[in-house]
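Asker: Turn these sequences into a full structure, and let the hints guide you.
For the sequence shown, position 86 (counting from the first letter as 1) is numbered 146 according to our numbering, and the numbering increases by one without interruption.
Treat the hints with care, since some could be wrong.
Listed next, with one range per pair, are the computed distances between beta-carbon atoms [as the list claims (entries may be wrong)]:
| # | residue 1 | residue 2 | range |
| --- | --- | --- | --- |
| 1 | 84 | 105 | 15 to 25 Å |
| 2 | 158 | 124 | 45 to 55 Å |
| 3 | 166 | 115 | 50 to 60 Å |
| 4 | 166 | 134 | 47 to 57 Å |
| 5 | 88 | 156 | 18 to 28 Å |
| 6 | 67 | 156 | 36 to 46 Å |
| 7 | 173 | 151 | 28 to 38 Å |
| 8 | 112 | 157 | 39 to 49 Å |
| 9 | 169 | 67 | 54 to 64 Å |
| 10 | 108 | 161 | 38 to 48 Å |
| 11 | 70 | 165 | 44 to 54 Å |
In the EDC-like style, the derived pairs of lysine to aspartate or glutamate whose C-alpha atoms are separated by at most 20 Å in a straight line are [stated by the list, open to error]:
| # | residue 1 | residue 2 |
| --- | --- | --- |
| 12 | 65 | 113 |
| 13 | 173 | 163 |
| 14 | 109 | 163 |
Rather than coming from a laboratory, the hints here were simulated on the basis of the structure. No residue lacks a Cβ here, since even glycine has one placed at the ideal position from N, Cα and C.
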Amino acid sequence: MNYNKLSADPTALILGIIAFVIMILGFCCGFVVFVSLILGVVGLVLSIKSLKEYEANPTVYSHQSRQNVYVGKIICLVTTILSAMYFIVIIVAVVVYQVGFSDIIENRLDQIKNQEVNDSIYLDEEIEENYSNDSIYIDSTFVDSM
61 MNYNKLSADP
71 TALILGIIAF
81 VIMILGFCCG
91 FVVFVSLILG
101 VVGLVLSIKS
111 LKEYEANPTV
121 YSHQSRQNVY
131 VGKIICLVTT
141 ILSAMYFIVI
151 IVAVVVYQVG
161 FSDIIENRLD
171 QIKNQEVNDS
181 IYLDEEIEEN
191 YSNDSIYIDS
201 TFVDSM
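Answerer: This is the structure in structure tokens:
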């Protein structure tokens with residue numbers, strides 16, 4: 061008897077494998093996991109749709125095609141779950157470190173601002189008081205006033 065292949069027979073399996081490889085690479089590269097998450101969800105949707113087609117009319121499709129789609133569904137499901145968990149970890153880490161990093165920058169800017177206010181270089185009165193008895197200062201002010 062001539063059996064047909066399910067619509068997502070090679071596609072779900074291929075998407076699952078590609079998503080799994082990208083997920084493994086994403087553990088060291090970071091936001092590439094988002095691509096793995098998308099591919100896993102697409103493969104999962106396609107495999108669920110194809111398995112519903114098989115359940116509606118099992119005599120038309122081959123059992124091997126159903127097994128391929130089922131394996132693709134499992135790979136896509138595992139990849140989607142792991143990618144989603146890792147993506148959530150990345151988002152939480154970015155939020156936590158961003159909040160801490162912004163506090164550090166704000167504190168450092170406040171220190172610089174306070175240093176400028178308290179530093180004697182920026183206060184002209186102190187310069188004039190310290191150097192008013194200096195002969196070079198007296199000569200330069202005398203020349204400037206002429």
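Asker: Each of the hints needs a verdict: does it hold here or not?
Answerer: Here is what the structure says about each hint:
{"no.": "1", "hint": "84 x 105: 15 to 25 Å", "verdict": "22 Å, holds"}
{"no.": "2", "hint": "158 x 124: 45 to 55 Å", "verdict": "50 Å, holds"}
{"no.": "3", "hint": "166 x 115: 50 to 60 Å", "verdict": "59 Å, holds"}
{"no.": "4", "hint": "166 x 134: 47 to 57 Å", "verdict": "48 Å, holds"}
{"no.": "5", "hint": "88 x 156: 18 to 28 Å", "verdict": "20 Å, holds"}
{"no.": "6", "hint": "67 x 156: 36 to 46 Å", "verdict": "43 Å, holds"}
{"no.": "7", "hint": "173 x 151: 28 to 38 Å", "verdict": "33 Å, holds"}
{"no.": "8", "hint": "112 x 157: 39 to 49 Å", "verdict": "43 Å, holds"}
{"no.": "9", "hint": "169 x 67: 54 to 64 Å", "verdict": "59 Å, holds"}
{"no.": "10", "hint": "108 x 161: 38 to 48 Å", "verdict": "42 Å, holds"}
{"no.": "11", "hint": "70 x 165: 44 to 54 Å", "verdict": "51 Å, holds"}
{"no.": "12", "hint": "65 x 113", "verdict": "11 Å, holds"}
{"no.": "13", "hint": "173 x 163", "verdict": "15 Å, holds"}
{"no.": "14", "hint": "109 x 163", "verdict": "49 Å, violated"}
In this structure, the one hint that does not hold is number 14.
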